Each structure stands twice: as C-alpha cells, then as structure tokens.
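Listed below, chain by chain, are the residues.
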Amino acid sequence: MEHSSPVVRVRDLRKSYGNFEAVRGISFDIEAGETFALLGPNGAGKSTAIEILEGYRDRSSGEVSVLGVDPQRGGLAWKSRLGIVLQSTGESGNVTVTEQLTHFAGLYPRPRRVAEVIEAVGLEAKAKTRISKLSGGQRRRVDVALGIIGRPELLFLDEPTTGFDPEARHQFWDLVRRLKAEGTTILLTTHYLDEAAQLGDRAGVINDGLLIDIGAIGEIGGTDARVPLVRWRDASGRLQEKRTQEPARLVAELGAASGGEPADLEVIRPSLEDIYLGLVRGSRPSNDAADSLEDDTEVLA
Amino acid sequence: MSNGIPGTDSRTAASARATAAASTAASAESPRPRTGGLSVLRIGLSRVGYETRMYFRTTDSVFFTFLFPFIMLAIFTAAFGASGNIGTAPDGSGGISVGAYYLPGMLAAGMLLSGVQNLAVDIAGEKGDGTLKRLGGTPLSPLSYFMGKIGQVLVTGIFQAALLILVARVLLGIDLPTEPEKWLTFAWVFLLGVITSAFLGIALSALPRSGKSATAVIIPIVLILQFISGVYLQFYVLPEWMQNLASVFPLKWMAQGMRGVFLPDSFASLEQTGAWEFPLIALNLAIWLVVGLVLSRVTFRWIRKDT
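Going down the list, the sequences are from chains A and B. Numbering-wise, the first sequence is residues 1 to 301 according to full-length UniProt numbering. Numbering-wise, the second sequence is residues 1 to 307 according to full-length UniProt numbering.
Extracted from the complex, chain A is given alone in its bound form (with noise of 0.2 Å):
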C-alpha cells in the first residue's frame, strides 16, 4: 500500500544534452487528486523535464518515481496508467475521430467509451469527420479526448488549450474540474496563467533549468506580491502607481486631495500573470510606491 506516497516524486532531477543543463536539480511532489501547474516561458526546462516523467527521456541524474515506477523502466502496464496529451503534432489524420478514438481505446486494459469521450470535449458534430479535415482546435481536442480514453490514473497536459476558442476553453476546464473530481492526478502546463489559476491546486515556476518557486495557487510568489497596487494620474499629469494592503483608504485620500475624480484610477489586485512575469524577471513587484511607470509596467503588463 502507498497510501502516503505521492503519485509523482522528483528528487534533485538533472538532464544535460552535452554541455548544456537543461534541467539543473529540481525537486517536488504532487500527491494524488492534485492538479499541479508547472510554470515556465519557453525553453525554460518545463518539457523536458515533463518529458522525462512520461518516460520519454532518460534523466542524467536525480531520482524519479511516477505512479510508484520509475519512468525509465515503466513497462506496458504502467503506462496504461497515464495519459499523455503532448504538444501538438501533425499527424497525417487519414482517420476519422470515432476510427481513431475506438483504435486506441483498444489500447488500454479499461478505457472509457468512445461516445463518451466525443461528447466530453465537444467534438459530437465531428464525429465521423476525418482528423485532418479539422481545425487546429478541434484536432486539440482530439488529443485530449486520446490523452483521457484510457481512464488514466495521472494525466499530463502539455498546453492543452493552444488554439481553442475562449469558448471551448471554458468547456475544456470544465472537464479537467470533472476529471478532477474523479480523483485523476494532473499535471498541466500551459502558457495561460489564468488556465493555471482556474484549474492548479499548486504550481511550480521553473526558469533557466531551476524551480524558483513553488505553492498552493494562492501562495505562489509570497504575500508581498499579492499586495494591491492603487493606479492614476496626479495633477500633472504624470502616472503614479503604489502598492498597498489599504487600497480605499489610499483612494479616498486621493479623491479628497485631488477635489474631484484622479484621472485613470485603478486598483489592481495582482493575478497570478502579474506574480508569475514578476518571478521569471527575478523581480518581485515591490511594496514600495514606483516612481516610474516604465519600470512596473514592464512587470506588471
């Protein structure tokens, strides 16, 4: 029994391609149920390391265990336990998405019914449509719809929702909350930190080969950065910004200083967009007023 154990485990993982460390020792865990976002910009190490739990790259140190299994010796029944949804591809599709649902279907000890998967990502009208006959976004779905067909205990998501619809985003994170609900373990990356923010229960931002932080979705990035920040223009014109825990207090001072209405006024609570450009620039927003906007809304756009 591994009640405690958590479905992923990385320990102090590495991988150099010769000379160059791509990942350079990162360590974390998601436990069971745990919808974990790996966080990171591009080339970054977040899909190599990803690629090394699926079991596609070997690691060049480190440990890692995956479902209780290490990744590079996962056999045929481990990885009927997974689900992979990879960056896209551009496969040929000579096959229609019942056709190639039902092939793979095939694949796994006990899948889920095809209809049911067709109908779960919304490609119901499509169904005897060939995959090459589809748009970029509905061939997204179609890998989703692989990627959950063999009732996966963990699934990775590789930025699942490149090239959907606001629409189909939103239908798209409804069925990550009912898989969830089932108690499968994800692990997501994704380019939209609103994405992470609907659907993480924690995430970890990875730069430069190294995990800079990592925390429940409402944590990441320290109390400081959640501080809100009281936006306008002064008199003459020119656009002040400060951060503070008491945004009305500070906005009624305005207003009474001001006589009127301060032009352009915001208050701002930052998103987990806002904290996370603001980790990978290795600068926390400050607690202090900026004097110059350049330099915040570099941080902060």
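A portion of the hints provided could be inaccurate.
Label pairs and their in silico Cβ distance ranges [unchecked claim]:
(1) B:Ser-269 / A:Ser-132: 36 to 42 Å
(2) B:Ser-247 / A:Glu-124: 55 to 61 Å
(3) B:Ile-221 / A:Glu-124: 31 to 37 Å
(4) A:Glu-219 / B:Arg-297: 46 to 52 Å
(5) A:Arg-110 / B:Arg-57: 27 to 33 Å
(6) A:Ser-132 / B:Asp-175: 41 to 47 Å
(7) B:Arg-209 / A:Asp-208: 26 to 32 Å
Under the rule of at most 25 Å between Cα atoms (straight-line distance), these lysine to aspartate or glutamate pairs were calculated in the DMTMM-like manner [to be verified]:
(8) A:Lys-133 / A:Glu-99
(9) A:Lys-242 / A:Glu-253
(10) A:Lys-128 / B:Asp-60
(11) A:Lys-133 / B:Asp-60
(12) A:Lys-128 / B:Asp-265
(13) B:Lys-182 / B:Asp-265
(14) A:Lys-242 / A:Glu-266
(15) A:Lys-133 / B:Asp-129
(16) A:Lys-133 / A:Glu-159
(17) A:Lys-133 / A:Glu-119
(18) A:Lys-133 / A:Glu-167
(19) A:Lys-242 / A:Asp-224
Partial pick of chain A residues on the chain B-facing surface, computed with a CB cut under 8 Å [what the hints assert, rightly or not]:
(20) Glu-91
(21) Gly-106
(22) Phe-164
Derived from the structure by calculation, the hints contain no laboratory data. In this text the structure is predicted, and so the values were computed from the model without any measurement. We put the beta carbon where it would ideally sit given N, CA and C, even for glycine.
Starting from the known structure of chain A, arrange chain B on it as the hints suggest.
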C-alpha cells in the same frame, strides 16, 4: 459537454479522490487484465486493419507503391510490345510476349515497394510527425506495432499481386502456369520476399533524419536495386559485375523466383547459372529476413532520444 464523464457531479472531490486512491491501491496489487501476450496479438491484429485503412487513404502510398508496378507494366508493354516476342527461335517463332516477360519483374518490384519503400517512408514519416511519439505514450507494445505494419504489407502486397496477375491474364492475355507446384513455389517466394521486405523497410526507416527527407533517401536505394536486379532491364543482358553485385541483395532473388514461376522452364538457361536456383533464393531471402528482423529490433525507437 455537461455529462460526458458520468457519475461525478453528485460526488464531492474528496470522496471521489478517496475512491480513486482505493482503486489505485487495488490495481497495484492485482495486475490488470489484457496486458499479456494474447493482448499483444489482439492489438496487433487490430493494428493490421487500422494500418491497411490508413494505407489506402494515403494517395502517395497508393500511387507510388500500389499502382507503380501496374504503370510500369503498361509502359513496357506499350513501348516494346511491337518489337516482337522475347526468347524466340531463330526463325522468329515461339518465345513469350514482352508483357509476359516483365510480369515476374513487376511482381518482384511490387513486393519490394510494398515492403521496403512503403514502410521505410511511412515509419520515418510517423516518426517525424509525432505519430510514434503519441503511440509510445500508450500501452501499445512495439511488437503489436510491428505486427500491424507487416500485416498491412502482407494484405496490400497480396492484393497487389493478385490484381497484377489478374490484369496480366485478362487484359494482356498472358498465359499463367497451370502446375500446382508452380503456385506453391509462388506462395513461398512471395511470402518470404514480402516479409523480408517489410522488415528491411522497418530497418531502413531509421536512416532518414526527418520525415520530409524520407522519400529522398529511400527511393534512390529502391530504384537502383530495381535497375540492377532484373526488374526494368533484362537481367541476362547486364554485365557480370552488376549481376554479382545484385546477387548480394534480395530483390534479384525475388525476381529470379518469380521468373522461375511464370516463365517457361526453357528460360532458365538465361539465368547466370542456367538454373532457377530455388534453394539459393530461399537462403538469400532467409538471411535478409534475419538481418532485417535484427536491425528492426535494434534500431526501432518511438522517439529520437538524442534530440
């Protein structure tokens, strides 16, 4: 979209998580069903159907590997048909038509194309476009994958050969052998040749560095083999060094075996040693079968790990 994954809406995430944890623990103790040798076979057979369907839906493969021998047979018959029979007596009588002479070569070319060219280009393409990476993330055994590819080559190869023979008989009026033992010989040369070609195709698929370069790398190899092995040019007119070179490779022996089946026995005197040499054909093809099998097993990867 609302009830795609049933039975979850009413449950809380926590209780569902507990159930999932329990079922995970249960499945960890007792191995899941359908992952043994039988399932490798069952999935392999399902891959044959899937692969065959894909083959006939891909215009390139239908044209360049399935229909190519028909086109070449038509061209040779049209180009040289008027210049009289091949192998005639000094008085101009007897011999066989150009179509009849080229039929065995086209059958051999079909075996090579359906196996080597088709699979080498197909698998290199699948490696390049991400198909193999996706399959490598599923519990598909490489054995089932191989079975699917070889089964597809067998199905399409048999279909192609049957159609070629039918066209030869009905459209070109070529006489076919009537002795059962000739057809028995045809069966083993064909099966051994096609399966050898299939393994060599899988092995050669490791050669192209990308899916796009696959045809550029594979087609010249296949084309040169066809020219030196007696498919397009009559083997007996080739210089001896070229005949010896061709004898290293399997296509020469496949073509020779097919000539042994479809040409009159008097034509054996045109062979290098004046005989059909069926035991040597079996030996050469068997050696290449083992080479192909070993190379396939050693070189096959779902993805290039070094990139």
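Hint check:
no.	hint	result
1	B:Ser-269 / A:Ser-132: 36 to 42 Å	53 Å, violated
2	B:Ser-247 / A:Glu-124: 55 to 61 Å	59 Å, holds
3	B:Ile-221 / A:Glu-124: 31 to 37 Å	46 Å, violated
4	A:Glu-219 / B:Arg-297: 46 to 52 Å	51 Å, holds
5	A:Arg-110 / B:Arg-57: 27 to 33 Å	30 Å, holds
6	A:Ser-132 / B:Asp-175: 41 to 47 Å	45 Å, holds
7	B:Arg-209 / A:Asp-208: 26 to 32 Å	30 Å, holds
8	A:Lys-133 / A:Glu-99	14 Å, holds
9	A:Lys-242 / A:Glu-253	13 Å, holds
10	A:Lys-128 / B:Asp-60	23 Å, holds
11	A:Lys-133 / B:Asp-60	18 Å, holds
12	A:Lys-128 / B:Asp-265	54 Å, violated
13	B:Lys-182 / B:Asp-265	11 Å, holds
14	A:Lys-242 / A:Glu-266	11 Å, holds
15	A:Lys-133 / B:Asp-129	16 Å, holds
16	A:Lys-133 / A:Glu-159	22 Å, holds
17	A:Lys-133 / A:Glu-119	19 Å, holds
18	A:Lys-133 / A:Glu-167	21 Å, holds
19	A:Lys-242 / A:Asp-224	13 Å, holds
20	Glu-91	5 Å, holds
21	Gly-106	5 Å, holds
22	Phe-164	13 Å, violated
Checked against the numbered hints given earlier, the structure breaks hints 1, 3, 12 and 22 and satisfies all the rest.
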